[in-house]
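A.B. asks: Generate coordinates for the entire structure from the input sequences, incorporating the hints supplied.
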Amino acid sequence: NAGVTQTPKFQVLKTGQSMTLQCAQDMNHNSMYWYRQDPGMGLRLIYYSASEGTTDKGEVPNGYNVSRLNKREFSLRLESAAPSQTSVYFCASGGNSPLHFGNGTRLTVT
Amino acid sequence: GENVEQHPSTLSVQEGDSAVIKCTYSDSASNYFPWYKQELGKRPQLIIDIRSNVGEKKDQRIAVTLNKTAKHFSLHITETQPEDSAVYFCAAGGTSYGKLTFGQGTILTVHP
Numbered sequence: 023n024a025g026v027t028q029t030p031k032f033q034v035l036k037t038g039q040s041m042t043l044q045c046a047q048d049m050n051h052n053s054m055y056w057y058r059q060d061p062g063m064g065l066r067l068i069y070y071s072a073s074e075g076t077t078d079k080g081e082v083p084n085g086y087n088v089s090r091l092n093k094r095e096f097s098l099r100l101e102s103a104a105p106s107q108t109s110v111y112f113c114a115s116g117g118n119s120p121l122h123f124g125n126g127t128r129l130t131v132t
Numbered sequence: 584g585e586n587v588e589q590h591p592s593t594l595s596v597q598e599g600d601s602a603v604i605k606c607t608y609s610d611s612a613s614n615y616f617p618w619y620k621q622e623l624g625k626r627p628q629l630i631i632d633i634r635s636n637v638g639e640k641k642d643q644r645i646a647v648t649l650n651k652t653a654k655h656f657s658l659h660i661t662e663t664q665p666e667d668s669a670v671y672f673c674a675a676g677g678t679s680y681g682k683l684t685f686g687q688g689t690i691l692t693v694h695p
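Protein chains in written order, with my numbering: chain F, 23 to 132; chain B, 584 to 695.
Just so you know, not all the hints are guaranteed correct.
[Stated by the list, open to error] Taking lysine-lysine and the DSSO-like style, the derived pairs with C-alpha atoms no more than 27 Å apart in a straight line are: (1) B:620 x F:79; (2) B:625 x F:79; (3) B:625 x F:31; (4) B:654 x F:79.
In case anyone wonders, no lab produced these hints; they're calculated from the structure. All figures in this text were calculated on a predicted structure; none of them were measured in a lab.
C.D. replies: As structure tokens, then:
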């Protein structure tokens, strides 16, 4: 039982490049979330998926897209990375139970 | 939308002392208030949570109090230990456990 698994752990991109952050959970949770964490700002919700087949914007969705591929997987895509997207990204799952976070992806955009 | 303010941003205590972290929220519809602990380089982990129909909840050395009228809630850690050193985040949310608004975090340092 791995919980919430995120890949990759680290990534460096150049401005304008694209990439997809992967997330999978094996806890049979209905809801999944993407947060970003920046120093002094706590965690901010980017997008979430309340259930398979649905996605909604969170507090800071600009520059991102998401796909809820199935109940287990929820990916986050940066189409054209910008330095302002340098951050630590956390995927989480929950819904009818408290939020459980993955180990995070540290992304640097130069 | 919801806004959560957390104070202090840093807190330094001696081992054995108590530590208190306070949060205020703006949306009266919020009814779920978790606290997360994050060690350096690790993921946030839930340490305690409370729902709005409860005023106080305790789990060993950790307690959370909620004042819905004043829209504030607090984390209390008694008999602090060096392993309590971490960043602590409060959060507020509605019906969904995961659609949370987080505070800015408190860096707690417990000196042996």
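A.B. asks: If a hint holds in the structure, say so; if it does not, say that too.
C.D. replies: Comparing the hints with the structure gives:
no.	hint	in the structure
1	B:620 x F:79	holds (26 Å)
2	B:625 x F:79	holds (26 Å)
3	B:625 x F:31	holds (12 Å)
4	B:654 x F:79	holds (26 Å)
In this structure, none of the earlier numbered hints is contradicted; all agree with it.
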